[in-house]
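What follows is each chain in one-letter form.
Protein chains: 2
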Amino acid sequence: MAIQKPSIPKGTRDFSPAEVNRRQYIIQTIQQQFVLHGFSPIETPSFENLSTLTGKYGEEGDRLIFKILNSGDYLSKVSDTILEEKNSQKLISHISDKALRYDLTVPFARYVVQHQNEITFPFKRYQIQPVWRADRPQKGRYREFYQCDADVVGSDSLWQEVEFIGLYDAVFSALRLPVDIQINNRKILSGLAEVANISDQLIDFTVALDKLDKIGEDAVKQEMLSKGISPQAIELLSPLFSMQGNYQEQLTQLSSLLSTSEIGKKGIEELTFVFENVHHIGLDTAKLELNLTLARGLDYYTGAIFEVKSRQGEFSSSIGGGGRYDDLTGIFGLKDISGVGISFGLDRIYLVLEELNLFPDEKTSNQTQALFINFGSQEAKTVTTLVKKLRREGVVAEMYPEEARMKKQLNYADKNKVAYVVIIGSEELKAQKAQVKNMETGDQFDLDFEALVPFFNQNNSSTSCKKDC
Amino acid sequence: MAIQKPSIPKGTRDFSPAEVNRRQYIIQTIQQQFVLHGFSPIETPSFENLSTLTGKYGEEGDRLIFKILNSGDYLSKVSDTILEEKNSQKLISHISDKALRYDLTVPFARYVVQHQNEITFPFKRYQIQPVWRADRPQKGRYREFYQCDADVVGSDSLWQEVEFIGLYDAVFSALRLPVDIQINNRKILSGLAEVANISDQLIDFTVALDKLDKIGEDAVKQEMLSKGISPQAIELLSPLFSMQGNYQEQLTQLSSLLSTSEIGKKGIEELTFVFENVHHIGLDTAKLELNLTLARGLDYYTGAIFEVKSRQGEFSSSIGGGGRYDDLTGIFGLKDISGVGISFGLDRIYLVLEELNLFPDEKTSNQTQALFINFGSQEAKTVTTLVKKLRREGVVAEMYPEEARMKKQLNYADKNKVAYVVIIGSEELKAQKAQVKNMETGDQFDLDFEALVPFFNQNNSSTSCKKDC
Numbered sequence: 001m002a003i004q005k006p007s008i009p010k011g012t013r014d015f016s017p018a019e020v021n022r023r024q025y026i027i028q029t030i031q032q033q034f035v036l037h038g039f040s041p042i043e044t045p046s047f048e049n050l051s052t053l054t055g056k057y058g059e060e061g062d063r064l065i066f067k068i069l070n071s072g073d074y075l076s077k078v079s080d081t082i083l084e085e086k087n088s089q090k091l092i093s094h095i096s097d098k099a100l101r102y103d104l105t106v107p108f109a110r111y112v113v114q115h116q117n118e119i120t121f122p123f124k125r126y127q128i129q130p131v132w133r134a135d136r137p138q139k140g141r142y143r144e145f146y147q148c149d150a151d152v153v154g155s156d157s158l159w160q161e162v163e164f165i166g167l168y169d170a171v172f173s174a175l176r177l178p179v180d181i182q183i184n185n186r187k188i189l190s191g192l193a194e195v196a197n198i199s200d201q202l203i204d205f206t207v208a209l210d211k212l213d214k215i216g217e218d219a220v221k222q223e224m225l226s227k228g229i230s231p232q233a234i235e236l237l238s239p240l241f242s243m244q245g246n247y248q249e250q251l252t253q254l255s256s257l258l259s260t261s262e263i264g265k266k267g268i269e270e271l272t273f274v275f276e277n278v279h280h281i282g283l284d285t286a287k288l289e290l291n292l293t294l295a296r297g298l299d300y301y302t303g304a305i306f307e308v309k310s311r312q313g314e315f316s317s318s319i320g321g322g323g324r325y326d327d328l329t330g331i332f333g334l335k336d337i338s339g340v341g342i343s344f345g346l347d348r349i350y351l352v353l354e355e356l357n358l359f360p361d362e363k364t365s366n367q368t369q370a371l372f373i374n375f376g377s378q379e380a381k382t383v384t385t386l387v388k389k390l391r392r393e394g395v396v397a398e399m400y401p402e403e404a405r406m407k408k409q410l411n412y413a414d415k416n417k418v419a420y421v422v423i424i425g426s427e428e429l430k431a432q433k434a435q436v437k438n439m440e441t442g443d444q445f446d447l448d449f450e451a452l453v454p455f456f457n458q459n460n461s462s463t464s465c466k467k468d469c
Numbered sequence: 001m002a003i004q005k006p007s008i009p010k011g012t013r014d015f016s017p018a019e020v021n022r023r024q025y026i027i028q029t030i031q032q033q034f035v036l037h038g039f040s041p042i043e044t045p046s047f048e049n050l051s052t053l054t055g056k057y058g059e060e061g062d063r064l065i066f067k068i069l070n071s072g073d074y075l076s077k078v079s080d081t082i083l084e085e086k087n088s089q090k091l092i093s094h095i096s097d098k099a100l101r102y103d104l105t106v107p108f109a110r111y112v113v114q115h116q117n118e119i120t121f122p123f124k125r126y127q128i129q130p131v132w133r134a135d136r137p138q139k140g141r142y143r144e145f146y147q148c149d150a151d152v153v154g155s156d157s158l159w160q161e162v163e164f165i166g167l168y169d170a171v172f173s174a175l176r177l178p179v180d181i182q183i184n185n186r187k188i189l190s191g192l193a194e195v196a197n198i199s200d201q202l203i204d205f206t207v208a209l210d211k212l213d214k215i216g217e218d219a220v221k222q223e224m225l226s227k228g229i230s231p232q233a234i235e236l237l238s239p240l241f242s243m244q245g246n247y248q249e250q251l252t253q254l255s256s257l258l259s260t261s262e263i264g265k266k267g268i269e270e271l272t273f274v275f276e277n278v279h280h281i282g283l284d285t286a287k288l289e290l291n292l293t294l295a296r297g298l299d300y301y302t303g304a305i306f307e308v309k310s311r312q313g314e315f316s317s318s319i320g321g322g323g324r325y326d327d328l329t330g331i332f333g334l335k336d337i338s339g340v341g342i343s344f345g346l347d348r349i350y351l352v353l354e355e356l357n358l359f360p361d362e363k364t365s366n367q368t369q370a371l372f373i374n375f376g377s378q379e380a381k382t383v384t385t386l387v388k389k390l391r392r393e394g395v396v397a398e399m400y401p402e403e404a405r406m407k408k409q410l411n412y413a414d415k416n417k418v419a420y421v422v423i424i425g426s427e428e429l430k431a432q433k434a435q436v437k438n439m440e441t442g443d444q445f446d447l448d449f450e451a452l453v454p455f456f457n458q459n460n461s462s463t464s465c466k467k468d469c
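Chains as they are written, first to last, in UniProt numbering: chain A, 1 to 469; chain B, 1 to 469.
Please keep in mind that the hints were generated in silico from the structure rather than gathered at the bench. Fair warning: there could be bad hints in the mix.
[Said to hold, decoys possible] Okay, the calculated beta carbon distance ranges per label pair:
| no. | chain 1 | residue 1 | chain 2 | residue 2 | range |
| --- | --- | --- | --- | --- | --- |
| 1 | A | 213 | B | 433 | 45 to 51 Å |
| 2 | B | 426 | A | 138 | 54 to 60 Å |
| 3 | B | 61 | A | 10 | 22 to 28 Å |
| 4 | A | 273 | B | 120 | 52 to 58 Å |
| 5 | A | 432 | B | 137 | 34 to 40 Å |
[Claimed, not checked] SDA-like cross-link-like pairs, simulated, lysine to any residue; straight-line CA separation at most 25 Å:
| no. | chain 1 | residue 1 | chain 2 | residue 2 |
| --- | --- | --- | --- | --- |
| 6 | A | 77 | B | 117 |
| 7 | A | 381 | B | 117 |
| 8 | B | 266 | A | 71 |
| 9 | A | 430 | B | 86 |
| 10 | A | 408 | B | 117 |
| 11 | A | 388 | B | 80 |
| 12 | B | 388 | A | 311 |
| 13 | B | 86 | A | 71 |
| 14 | A | 90 | B | 80 |
Remember, predicted model here, so these are calculated numbers, not experimental data. Backbone N, C-alpha and C fix where the C-beta goes; we use that ideal spot for every residue, glycine too.
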């Protein structure tokens, strides 16, 4: 067999032990707060029926969905006529009926509808799973990445919005990362469109507005013009780009602009409720900011819109987002189920924590507390029973598998950042004493065999189970 | 848009909160022992280059690999001639260059070769990720399922085999599931083939032998005959089917049979070493059994072969397996790296634990300790601050999101198996006392607001963080 030079598909990644441990640290921090806030986990299959996903993410989204080729003789039922056309798009539905999930929101909507009779509403679920997109890879954007979502469906209470802001604060405070939580409300945008008499162009308006961060005010206005939004409407909307002041001051300015729009006034009312109650309960480290230009392209948002950004570091992209959607399950036949949810971008949070050096040290290394040197089968017989005793007490311990040169065994300990090396040769075996070496300080001392468990147990209490417990 | 009746692809599953929690219980038990035994986690992409996977699992395996359709105009580079042939198999390589991983072993071998310069050998890695197979679904067999693998590469020490048996024992003891760990050694099978003069038919011999459990001795012999193994050879091998006695007694009988085979004697020596040392260290609840007919179809095993079965319940299939392979990384160009590894079958372990009712109660339900009744915005203002205080202490607490009828709120608590309901209406607000109701016993009592945190904190110490900590 010809030898292959191994590689992985572009946009995908291998994760080393240190990387997995750091990712787990983020995931577990998020998960712990999801649980504390009363969310329950669900999982859905990696691939869904293609028809479940198609048409939910726009034309661009449809193209970026990874399709799975049907098994077996998948061409046998394809007519020659279709094959001769050589139309890649058209052929898809004939040779593929499954696709990798593109996000967790649509599978969740499908889950809620499919299992509606087993669910007690309001249903608070969280889901932490990978998603796949055939996007062009770039920094912080991969073809396989994790989403960490929490949603509540079956309640239109604004207390949920307040809760989610608290949840963002709890997670990012636990990660020691100060963030800005930006909020807007789709009803404000609808109200503005109403006042400017462009309600039928709401999507064009919000899609353009959503690009403000990336392309700037002039280009946004240019895009609006090119979409047929009148210069008068744009003029009327331009206070949006120059809002000054804090959350409440902006809402006050907005009030006069939206005084003739019922939906706009509702938006102001909702934003006021959220602000007052978040303020009342208090945030630990996050800041809540009103950003009236926050639109997030997704047209299923109907109320609150969230976006989270780090207050420190170079990475200015969103590290979380979410919003209120009034009819997501409608596409699968279950009407009038309001939902609201937020998402954490694991990969981007990772980049920010790495840049700001916020990963706790013990997350970046192997956990082995005690590596026992292997001096051959006689010593190994005793060592393996000691190792078993330590593990039973929750101490991560191992014996080097082979009677290799001491230097090689110590190198292994060093490379794997083992905390202590334990030396039991024939002398030590006779005396029932082990030599213990602290690999960080170089300190070396003797311990009776019976003292090993208490020693590591005590040492362990501060570090053990940090990853799994 | 036409409304779709939602469903999921066959062989895949949605997991409810109770199911995710139970699966997490198994995964975390396994993971904790992996860590205690000094293994480090890695993760590899869900899809690999198709060429990485093709040819590694036999013809049958190649068919069962899920291929991913290339993105964009995937037909544009396919010649008309190839398309006209309408040969499904042949077309694959032209329209698909990626495939979902089929197991964790081949991606691991690819990882080791690709990252050989960053790795310190012996490399002890664990990996817990889903794999996908286009197999016909049946009980305990799905198209998407998790594998939980631990492997060591870069050491041919037999202490690893001893370690893995201890690891199986540690995991299944922690799960309170008594198991038999069956062991065999490919060198014994090679030795027998040598003695019977059918060394060139070793694969046919082991593939047939591997079916003994399923089809019985006569059918196995029939298959061997049909593969051209002579009746004389089968006669000579038949003691294999009627071995009596314990581990050591069987080895003794085998010794005379294999006295003329070097490789066979090596196999006996290895099995003896493993047995003596496992016996010396001791197993908590598992039993180690020699099963000389254990072959496991995989032809890359070169030494020890493991298989684990539950000692209780109806489910007789394997719930774990593994073995020693001397040249797995050779296919990717890295020679002479011996490895040994074991795998845990999450789904099958789940079925057995469910059948035997071995899941701890708290794993099957939501964790909410305190549900606060919502009496409207005035009370909610106070309640939300109390909820925040409780969460900060690690108590899972929530407020019902809406001012709904009391009956509806209590029903929510009941369905979600909430431990306590906390009632703070206008009276309680005035008196700064909450009514607390134990949902299991029905007991109800008053607590000062300041007493809530200590009460739940104490209550919590026994149950909190069971899932995440």
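Results of checking the hints against the structure:
no.	hint	verdict
1	A:213 - B:433: 45 to 51 Å	holds, 50 Å
2	B:426 - A:138: 54 to 60 Å	holds, 56 Å
3	B:61 - A:10: 22 to 28 Å	holds, 25 Å
4	A:273 - B:120: 52 to 58 Å	holds, 57 Å
5	A:432 - B:137: 34 to 40 Å	violated, 57 Å
6	A:77 - B:117	violated, 48 Å
7	A:381 - B:117	violated, 33 Å
8	B:266 - A:71	violated, 44 Å
9	A:430 - B:86	violated, 76 Å
10	A:408 - B:117	holds, 16 Å
11	A:388 - B:80	violated, 65 Å
12	B:388 - A:311	holds, 24 Å
13	B:86 - A:71	holds, 15 Å
14	A:90 - B:80	holds, 17 Å
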